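Colleague: Based on these hints, arrange chain H on the given structure of chain X.
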Amino acid sequence: MSQPILEVHNIKKTFGKGKYKITAVDDVSFQIMPGEVLGLVGESGSGKSTIAKLITHLQKVDEGNIFFDGKDISNIKGKACLEVYKEMQMVFQDPVGSFNPRMKIGEAIKETLCHLCYNPKAMSKAHMKEAIVSLLKQVGLKSEYANKYPHQLSGGECQRAAIARAIAVHPKLLICDEATSALDVSAQAQIIELLMELEKSLDMAILFISHDLALVSCICDRICVLYKGQEVESGETKGIIEAPKHPYTKKLLSSVLQVDIGE
Amino acid sequence: MEDLLQVKNLSVGYGGVDIVKDISFTIKKGEILGIVGESGCGKSTLLKAILQLTGTDVITRKGCILFGKTDITSCSKEELRQLRGTRLGVIFQNPGASLNPLRKIKHQFVEAMQSHKKIHKKEAYKKIVGLLECLNLQDGERILNSYPFQLSGGMNQRVAIALAMVMEPELILADEPTSALDVTVQAQVVEEILKLRQVFGTSIMMITHNMGVVAKIADKIGVMYAGRIVEYGEKKEILRNPTHPYTKTLLQAIPKMDGKVPKGVRGEPLSFKDMHRGCSFSTRCDYSQDTCQKKEYSITSVKKNHWTSCIPLSGVSSHESTYSRSS
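In order, the protein sequence lines correspond to chains X and H.
Going by the working numbering, the final residue of the first sequence carries number 263, and the count climbs one at a time with no gaps.
Going by the working numbering, the final residue of the second sequence carries number 590, and the count climbs one at a time with no gaps.
It should be emphasised that the hints constitute simulated quantities derived from the structure, not laboratory data.
Okay, the calculated bits of chain H under chain X, using three or more residues with CB under 8 Å as the criterion:
no.: 1; segment: 298-311
no.: 2; segment: 470-483
no.: 3; segment: 509-518
no.: 4; segment: 522-528
Since the structure is predicted, the reported quantities are computational estimates derived from the model, not experimental observations.
Idealized CB from N, CA, C, for every residue including glycine.
Next up, chain X with everything else stripped away, as it sits in the complex:
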């Protein structure tokens, strides 16, 4: 089998000092194969987002190693980071908050393109515009959205734009940190459909972080359950849903509110 796109080895992260010390991530390991969707589930405060921040270098790991595409990226800095961002992108929870409010959507995407993909001097304006429009089209937005500000978009539309910005570099790995939690159920379903389409057409791996086990079970190949910074259970989706072993997984499963029509 091919080499995993992302390998996380026994990473640890603590915040604070002395009696305020909190171990947010405690000895977590997992790997993602190319084109695979891994779900990271747990309640608020279980360390899901910290893991995403560690992988994307928004925070430094205390212990352990992160390998991306075979390279150790746990302690890289500066330009090496940029190289990694060309192949790894992130979609955040709050879609409106992840855009600069004073920049139009098109400009925000252009920024990513200039920064990570193309040499802006070598590219004509028309060409750049074309690239932006085709990206917007890919996520199901019309070309006029390029000239709108983030606050003019609904939550679902804005999340689409954030996805457009993330896939601009053709990433091998997309990290979605609670990408649908701020959206209502119908918009959530639209975004999930879009992500699944993109995963197939662009052949990228997705690390999908969420607190909703039902949602994760619909789309992920494998699931990793976190509790208080520790990995309590992981494995194939089917195995986890049908035969959960850890009591916490069972509790998460029972919290899912299902529409029960029979009776």
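Modeller: Positioned in the frame of chain X, the structure of chain H alone reads:
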């Protein structure tokens, strides 16, 4: 059972645009009504209208809201002040923002209680601790002495629920009370709201976008789309035999454990400014017919406990369904 809240042909708007259009429903004593719909369909505007939160520019254009025997739309400011808090309680979506960040929880409780009733502080604290215990917050004393930022989202929401319940109102209006919480806490809060109904017999109007929550908690469901209630009826009936395509898509959008990817409604809802003639869902509807673009059906009864505004799919021919909902 007697009717507690009766909303009749209510139309509400901001500026020149009607947001809530011609809505009627009733809530009986001890009943839970769930209003479901996606963001921007007018759910929260409806709630603001019932509370007559005038600072928010919500203008009631038509219809009346009968709470018990008083018409809320014609109440004076002082009458409204007495009504809110004692007989009508509210729970907002974002618990952190609905509590005052600068004051300890206990001061906020005492303020809420003393503005309606002469009550000694110590007596008030006793009552609050009991209420918090009822909501599974054992550590009442500590919570009373905390600031909102020291508590987690779930705890804050429970405090907000207790704050709404403290005067034992007859009706609680809950605006997406569980949407900001994660799934585990959401399930707990839903359980506790159900428990409160059992203990105090409170009626609840719950606004949410999550059919899962409504399926768990409600007795009756009203599905809202573009400012209208498009389907209304008893929970079991609506969940088993949904007739309106929008209700069906809402049901499909919930993530289920069967491994299928949830299906979204295609397109975005129309903006309230460019509403056209005919059924407002017709632009996104899979079953849309020619007649749908021309005529908007008003909500009519298909069964004893089931009303829908999608006449073409309900199996009732349109001239038969002249019986419109009276209660």
